Amino acid sequence: MKARIIILVLLAVMTTGYAETFVTSETDVASLGTSFVGSEARPDSVTVDNEASQAGVGITPEMAIEAYRNQDYKRSIELYEALVASGLEENRESAQLYYNLGNAYFRDHQLGKAILNYERAHLLAPGDSDIRHNLRYANNYTEDRITPASNLFLTNWFNGVRDLYSSNTWARLAVIFFVLFIVCVALFLFVRMMAVRKAAFYTGLVLLLFVGIANAFAFSQKRERVRREYAIVMVGAARANASPDDNSNLLFELHEGTKVKIRSSDRNWYEIEIANGSVGWTPKQNVEVI
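Numbered per my numbering, the sequence shown spans residues 29 to 318.
In short, the hints are calculated from the structure, not lab data. Bear in mind the structure is a predicted one, so any value in this text is a computation, not a measurement. All C-beta atoms, glycine included, are put in the ideal place defined by N, C-alpha and C. It is possible that some hints are incorrect.
[What the hints assert, rightly or not] Mimicking DSBU-like on lysine-lysine, the simulated pairs with C-alpha atoms at most 35 Å apart in a straight line are:
| id | residue 1 | residue 2 |
| --- | --- | --- |
| 1 | K250 | K289 |
| 2 | K312 | K289 |
| 3 | K102 | K312 |
| 4 | K102 | K250 |
| 5 | K250 | K312 |
| 6 | K102 | K289 |
[Claimed, not checked] Cβ pair distances, simulated, as ranges:
| id | residue 1 | residue 2 | range |
| --- | --- | --- | --- |
| 7 | L236 | K312 | 39 to 47 Å |
| 8 | S114 | S276 | 37 to 45 Å |
| 9 | M91 | T231 | 51 to 59 Å |
| 10 | E171 | R256 | 20 to 28 Å |
| 11 | L192 | Q99 | 31 to 39 Å |
| 12 | D136 | N296 | 22 to 30 Å |
| 13 | L236 | L278 | 48 to 56 Å |
| 14 | R251 | D273 | 30 to 38 Å |
| 15 | H137 | M91 | 20 to 28 Å |
| 16 | R103 | R295 | 31 to 39 Å |
Please take these sequences and the hints and turn them into a complete structure.
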């Protein structure tokens, strides 16, 4: 009996540490997507984070709304870019701000900048349906049509499921699953009925699997946000050469709005990889990191 109690105490201590490790005090970015104004948050509408817009930079929400509604998209862009440049954490980490900025760039016919900011918003709030819709819509206007490599199917499926929720939400789910797992362990250790013990045992195994999956999703999202290894082509035509040299052979050419993965860098060059697995070198000024 004492051994069983010790096991439960250890599991309870593990749960406490688990929660402190994964569920941090940072803004739950998944919740940002629910604060958009209106039922149709598309490129022809503007939504504004009131608190962030008044963050000591002399910009009010009314100024951004008025500029956008008057089709003064360049002024709207200036307002949102000023908020990003303000240095305030709530602005740099606001999915809604990047979403609005993407809308303004899209209406100003700056496709690369629009996709860049939609991608930044999606990175912060991957579960938001409006952001995903506008990102897909903007990508329809890109010139490049790249067929993904067949071995990326599982990766794309993993990322699709992972991006249903934010990293914090996945971490909280992992904690919940782990607590339920402890309940199953307690039932298995202390209940004498064989049917209950058997159900608790198999349910516990399933919950432990869910803990691992939720942790994998949370870790993957955190890793992607920290590493920032993807970029968007910002120029009309970007050369991808065989080596980081202007005189090297041209392998392929990309166009504004295409998403690439940064593999490495050498001086003023990035080694990039596109969805079909092709690799080449392009000058850093051709792309902007998400």
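Hints versus structure:
| no. | hint | result |
| --- | --- | --- |
| 1 | K250 to K289 | 17 Å, holds |
| 2 | K312 to K289 | 13 Å, holds |
| 3 | K102 to K312 | 25 Å, holds |
| 4 | K102 to K250 | 33 Å, holds |
| 5 | K250 to K312 | 25 Å, holds |
| 6 | K102 to K289 | 29 Å, holds |
| 7 | L236 to K312: 39 to 47 Å | 45 Å, holds |
| 8 | S114 to S276: 37 to 45 Å | 41 Å, holds |
| 9 | M91 to T231: 51 to 59 Å | 55 Å, holds |
| 10 | E171 to R256: 20 to 28 Å | 25 Å, holds |
| 11 | L192 to Q99: 31 to 39 Å | 35 Å, holds |
| 12 | D136 to N296: 22 to 30 Å | 28 Å, holds |
| 13 | L236 to L278: 48 to 56 Å | 52 Å, holds |
| 14 | R251 to D273: 30 to 38 Å | 32 Å, holds |
| 15 | H137 to M91: 20 to 28 Å | 22 Å, holds |
| 16 | R103 to R295: 31 to 39 Å | 37 Å, holds |
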